[in-house]
Structures are given as C-alpha cells and as structure tokens.
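Start from the sequences and build out the full structure, keeping to the hints where you can.
Listed here are the chains, written in short residue letters.
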Amino acid sequence: MGDVIQLLPDNVANQIAAGEVVQRPSSVVKELMENALDAGATKIKLIVKEAGRTLIQVIDNGKGMSPTDARLSLERHATSKIRNAEDLFQIKTMGFRGEALASIVAVAQCELKTKRAEDELGTLIQVEGSETKKQEPCTCENGSSVSVKNLFFNLPARRKFLKSNAVEKRHIIDQFERISIIYPQIKFLFYLDDIKLFHLEPGTLRQRIVGVFGKNYNDRLVPINEETSLVKLAGFIGKPEFAKKKRDGQFLFVNGRFIKSNYLHHGILAAYDELVQTGYHPSYFIHLECDPESIDVNIHPTKTEVKFEDEKSIYAIIRSSVRKALGEHNIAPSLDFNRETAFDEMPKNRDIVAPSISVDPSFNPFEKESGSSLGKLSGAPGKPNKTEIANWGSMIQKDPLLNQQQMNFSSIDKEFVQQENHLESSTLNTDSTEIDPHQNRVFQIHGKYILSPIKSGLMVIDQRRAHERVLYERNLKALALNQGKSQKSLFPVTLEFNASDGAMLQDLSPELHLLGFEFEEFGKNSFIVRGLPAEAAQENCKELFDELLATYKENEQQLELKSHVNIAFSLAQKESKSMNRVLSNVECSALIDELFACENPQTTVGGKPIISTLSLDELNNKFN
Amino acid sequence: MKLILSQPLFAQAIETAASVADKKIEHVADFILLTVKDGVLTVIGTDMERESKTCVTLDQESEDGIALVSGKKLKDLVKSAPNDSVVTFKSNPKEPDAFTMTFSGTRSRFTLRGKDATMFPSIDMDGNQKTLSVDRVQFVRALDAMSKFMADQDVRYYLNGVQLVADAQSVKLTATDGHRLSQSRVALESNSADAPFDVIIPRKAVLDIIKMLKSGDETIQIATTANHIVLTLGSNTYISKLIDGKFPDAERVIPRKNQVVYRANRSLLIGSLTRAAILANEKFKGIRMNFTGNELSIEANNPEQDAANEVVDIESVTQGNVEIGFNVKYVIDALQMYTDENVLIELQDGNSSALIRTEAANDHIAVLMPMRL
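Line order of the protein sequences matches chains A and B.
Heads up: the first sequence begins at 1 in this note's numbering, then just goes up one per residue.
Heads up: the second sequence begins at 625 in this note's numbering, then just goes up one per residue.
A couple of the hints might just be wrong.
Stated by the list, open to error - As a list, the in silico DSSO-like pairs of lysine-lysine whose alpha-carbon atoms are at most 30 Å apart:
{"#": "1", "chain 1": "B", "residue 1": "K828", "chain 2": "B", "residue 2": "K772"}
{"#": "2", "chain 1": "A", "residue 1": "K542", "chain 2": "B", "residue 2": "K697"}
{"#": "3", "chain 1": "A", "residue 1": "K524", "chain 2": "B", "residue 2": "K870"}
If you're looking for bench data, these hints aren't it; they were derived computationally from the structure.
If you want it as structure tokens, here you go:
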C-alpha cells in the first residue's frame, strides 16, 4: 500500500475553514461588516435578502483596494492587517487572520467591486466556490462592495441545516445590532428584503442605542464612565426597574468588538445584586478599552471570546463602576408614583427614641380567646398554672356568651381536647363539600406539590409542570382544531418591539391567531393588539407578549421544537407560571384528572418528570 | 374623655373609620381617632389615601377628650357586644394612655392601649374645591352598577376605578376593565355645580362609598380638588385620593350606530344565561348567542363535553341576524344593572361590540366586546 496522506487542495481547505468561520448567514454579515470597519468606512450599507440565503451585500465607502490587492484578498491567509507574529499582540483591527473572505468565497457565489479614491477605475471580481470566474476593470464608487449570493450553494448539506428564515433573520439582526451600536460615529443602513429596517445616522452612543432599540430606551439608560490604568470603561447600563425577563439588550464590547464573557457578565449582574428580581435581566451597553497587548482575541474563530491578562481586576472594576453608576442614578431621584407617601408626613421635630417593651402583668391569654376566633388557638400556650385554671372556671361562669354555648369544662385538659375537636371539625366544615371520606385524600404542600396516596405508596405531582402539560395539550388542540377563544378588548393596545422580536412575531402570527391572539402590524415593528386568548384576557398585554417571545426563543435554542409545538408550549409555560399557589381540594383533584387525561402525563415537553412516586418500601426504609 | 353610646350607634360610628384604617401606615397602624367635644363624637380613620370621618351627637353626659386606639380591636369588641347594651368608653385616670370600655348588662371590662394622638396624620387637602350635590339613591345605584365594570389591579392603573365627569346639569360615571364598559348619568340637584370636573375615584374608595351611602340623608355633596374627592353625607365625610391619570375616551368605543336591534325580556334572559353559564367553560365562560328573527338561541359547552342549549323569545326591532360570542358573566352583569322589564340589545356583527340599554334612557348603557369562539 502506498502513502495515503496528502496535502488538501486549497479549495477543500478553504471549505473546511469555512465550516468554522461561516456558520450561518449572520457570520458572513459579521465578517463583511468588520472588513468595512477596518477599511475606515464612515457609511456602511447592508442588504440582505431571504435571510441571507440569496443575497448578503455590504457596501462601504472605505479606502478600497488596488486590483492586485483585490485579487489577493480572496486568498487564504492574505491580509493587510498583520505582518508578523508580534502583530498578533497589537491587534487594533477587527480581523487579522486573513481567512474570512477566503472562507466566504469557498462556499458562495461572490462579487467584489472595489476602488481606491486615487484610482480612476475600480476592479470587479466574480468568484464561485473559490474559482475566479471573472476579473475586469469597472466603474464604481470609492470603497468596496461585496455581495455574497446563494450561500452554501456547493454544500447542500449546510444549506439544509440552516434554520428557518425567521431564525436566520434574527441572527442577522442581532449581528447588525452588535456592530452598529458600538460604532455610533458611522452611518449604517440595513435593508432586509427591500424594506429599510434601520437607518442610523452618526451620533452619540445614546442616540445610537435609542436608534436601534427604540425611543423608550432613552430614559432607561444610566451613563457609566470610568478610567483606570488597566481599562477604560464607557457606555450605559439600564436602570434596574427596567430589567426584563429576556436577556436581550446585554452588550459587552472590548476595543470595538462584541464579546461574550460569562465571567464579566456575572460581574455586572453582581453589581445589580438585589436591585433586580431573580429571573429578570438588566440591559447594559459597556465598552471596555484596554491595551491590545493585554488581551488575546485569537482564541476562537468568531472572536466573540477574549482572554484578558488580568481578568480578575477587570471583573472588580466593572462591578464597582456599575455599582457607582447605579448609586449616582439613585442620588438624583426621579418622580416615583409608587413611593409610600406616609413617610412624608412623619413628624420631624420628634426625638428618636429606642422602642420600649411594656409588659402587661394582667394579661391573660385566655381572656380574649375564650370568646372569639378559634383560629388563634393553634398557638395557645403550654400548660397554664393552677391559679389561672381556677380563674378560668370562674370566668366561664361569668361570661354569658360561653354559657349560651353550654360549654362546661371541668379541667383544662378536657378543654384542649374539645378545642382540638372543634378545630378539626371547623376545618372539615369549611371543606365539607369537597372531602369525601371514601375518596382518596389529596394534599398540597408549599403550593408546589400535590401528594396523593396510591396503592404502592405515595404519588408526588409537580403542580406547575402538571398545569403546563394540561395547558400545552389544550393549546395544541386549539391550534389543530382552530378552537382558540379570543376575548376582544375595547381599547386596542399598541406594542413596540425591537426588530428581531417584530420579525419573529410576524412569523408566528398564524399560530398565535389560532390560539386566540388578535393583532396586526402597525408600522415598523409595532403591533396593535385587539384581543387576547380568553384564558389570559386579564393579563398584562405587554408582559404576556414579552414573556411568550422570551420563552419561545429559549425553547427554540434548547429543545429545537417545531414552531407550532413551541408556541403551544411557550404559552403553556407562561400561563402555568401563575399556578404555583394554594389550590382548593376541588382544584387539586380537577388538575389530577386533567393531567391523567393528557396523552403523556409523565413528562413535560422538555422531558422533565411531572410525577414521582415514593414506594412504600422507600418510606419504610426511611424509618429503619 | 368619656362617652356613653348605645351599642348599635357606636358600632355604626366606628364602622367605616375602622375599615379604612389600614395596617400599612407606620406608627399609626390601624388606629382610629375618637374625639369628644361639646357632646359630639367624631371618629376618624385613615390610610393616608382615604379618610373617613363620622360624627355622632351624644345624648348622655360626656367629657371632652381625644383617644387614638386600634380600630380593628375596638370594632370587633363592640360588634360582639350584646345589641341592647350601652357602651361606656372613657380614659383611665391612673394611666394616661389607657382607655376602659364597658358594656352595660355584662360584667366585662376592656382596657385598650392608646397612642399619642398628635401622631395621627391627616390628609392635606389641596387647592380650591368644586362642589355639586346629587340624589343619594340615584348616585349609589349608578356607582354600584359601575363597580362591577371597573378593572382590578390592571396595569393600566387608571382603569382601576370609576371616572366621574361633571357638567352643569349632570354627573357622568364611567367604568371599564378593557373588555366591557358601563356608563351612567345622574342629574344634579338644581344648579349646584360650581364648575365642570373630570376625576377618577380609585376602586377601594368606590367600594367604601357604596357601603357608606347605603343609608342616610337624601342628598350628598361631592367636592373635588386637584388630588382629592370629598363626599359629604349629613355630618359624615369621606375623603379619597384620586387616581392621577387619563381615563380613556369612552365615547370613542361606544357603538351608537349599531344596526341590528332586539328587545328582550330582561329577567327571562338573565334566567337563561344563568343556566347556560353553568355548563360554560369554567375559566372563560364563553357562550354563543344566535339572534335570528324572533328567537335568541344560547349555546354553551365545556371541555367535559357538557352542553347547554337555551332558546329565548325576543322581539326584533330592526331586521338582521347576528351570531356572536360573549363571556356570559359580562352579559349577566350588564343585564343586572337595570331594573326595567325590557332591555334593548344593539348589535352590528359577530366581531363588533354590542350595546345594551333600556328603552327609556340612552345614558345608562353597557358596552360588551365579543369573544371569538
């Protein structure tokens, strides 16, 4: 057998590299926009069609390339951004590897038009799957324009693995936001399927954030500015009261590059500690500027991870500056309508004294309780002394009320027995319609679990999950049979969403309509809601939509469900959230009945158990 | 201080004050202020958003003085006293902050700990008042009807109450929870209005006021300032903070031009709906109403596959058939607002709001949004 190892041809190597660099259309958007930034453009236009499947085009007014550079730029490891290994530690540009264009042209049909300001004519290059089809001079504007058509045309498998248009669109919009926010001095235009989605004029960071996320962000932002020898921090953080269920609106940039860092994210959240309810996420837009030498961006092909030399100090700096900014924001309070007004009325010229305890020696715990509410008796004190017992008897005789009830106790012990009986019978009385002595009794604990004795032991049901299952199957049925009930509202509510949520909502609109939501688009990313599902008619409209979308997104990532399954599940999750409460016995039994009428009462859609049984043996073992 | 009063009168005097007084307020907790001056007992309770003041003339010997005591304890004690007894409430000469209470005919004696009365807060009324007076019975009836339609803990906080709009001749009440709306108009007593106003009374106050106005003088005075409303009924006053917000424009959503009109016997319809409601879905109570010719058929069913079918004779005023879904509770609530024998139901189609009114009056109406079933 001869030698079997051989060097791969360049185009194959490029395709392999593309696997890392070009994961999906949004990666192309990222690479091309970063190139435009590195070319010093002041105006960048992004055109996307069909979620990037048919076209992604980035047009900039940067410095452009000479014909030779243009040709070379498409080769692997060809770059103007670094020259030698030392430069790797001095990176001030977005890219540096010289892989991006080479990878992109390996998997798409590309057209590059570029012209330097000093040249008369520009260059046009057409490449298909790394093969140059055409190179000729052409007339064009100063700067570069790269259009990427039919992405993955030569890799049907990759093309197949692309998610739905809605998902890919959202990735692209997310990517665009990540870049446009941190370059407020550059003008950005973004056309999606011939609709102008963003038109961002140069301005301040605050203007840019408002431009991208909508004008209601304006009064949510708290500026944050800190300069240390290690790092320079600038940007905005969201006021804690505007924290959302969704994790969007969290942006951390290092030297103009969007990064993800769980460690630093944690530092920011730590500063919000106790200001934000658990499960809610504050938004932040923080830009860290530090010496390029002290960081390493070359650890991940998409460069969203960065290694800091002194991560711990940066963590501490971020945390304390966020704290400081939050503190300053609170020093200048705004009008708060929920504030407790009582404190304004407190007498001002009164001395503050320590509270004193006055003990009433004549206090007799039985005096009051003998006459009224039995409920308090559960906390009755231990054995009273003898004199009290004597008093007790005489009091009973004096009190006409008790005489009416013909209670005559000879001893305290007997009295307690009576009380216990009474207590029990009173609880039984209130529930008397619900408890059947022949029926299995159902218990609820902590408003969270329902316990029911079964032949082999004890069955424990997770209440919320059970509800979720029941609601999920009901929603699914509503979707299939068009049974969603919608309560229309007198005053339609207009909701504004960011671009990605807006796109998602539109994609989901047929399913949501079947479930009972009635809404229509009302201008750019605004929706007018005319009706809600009858079950959720009392909910806060905005919150319902926000949480539904947030859950939907989460499920999409984690569970990869079909859209109609996902929406039915997300709505069930949202609605079941309010179900962690004390249920009456009737409600408990109804829930159990409904659960066992479900197709799969055992597990949630996410595969978590709903029911757990504790066998008698297990119980017995615990007592051995 | 000292006061002697029969048990029913004393219980009545402290009733509203004690229910208004709330545990929320620091220092004062649920305490109410009892003042005796020149033979008149004044009881004040407040939670800083509402304040109730009741005056009772004492017909037996009294001593002037002030007491700040727990309203809940006082109320519970007095309520459980025999109905025919006489309550004596006086300060304890030995202990300045203690008050003794006895009920005649019993051998019980209660000592209540008081607090420094100067700590009792009062609501600062602001600006000039605009006053008007209305008939008590009419007003309380209208307010009672509204109380079912107002929202409860809605994020649109301005819906959690009743809107009061006064002009020269009448005061208009409006309440809505976003799915249904009700509006009613009460005529003013002769030219009593100072100036027009437009305010929202919070939910809690609406419920208090209904209770307070159940009996008493024929006429009540309503005064509003920028932030408060003051109701005066005889010697009693009730003050509440207003909701600071803009109530939605009701006129915009009242369908005055619905084409299809039916006349129905109110009590017959309520009967049918109540029966159908039993088998409607427990959670959202959806029913289907089919208006055709001189018949209204009502259908309801639930997930357990129970079904109700009701047919009611109705009279078609203007021609047209409409099939429409509703939350049955909303329809029953609306019908129960009226006392007339017949009501008019005005419809457009299955997707548009319906209007229910009586033949006589056009300004006592209910608007219901349909449910898509």
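Verification of the supplied hints:
1. Pair hint K828(B) plus K772(B) holds up; C-alpha atoms about 13 Å apart against a cutoff of 30 Å.
2. Among the hinted pairs, K542(A) with K697(B) is inconsistent with the structure: their alpha-carbon atoms are about 43 Å apart, more than 30 Å.
3. Annotation: proposed proximity of K524(A) to K870(B) holds, straight-line Cα distance about 27 Å (limit 30 Å).
When the structure is compared with the earlier hints, a violation turns up for hint 2 alone.
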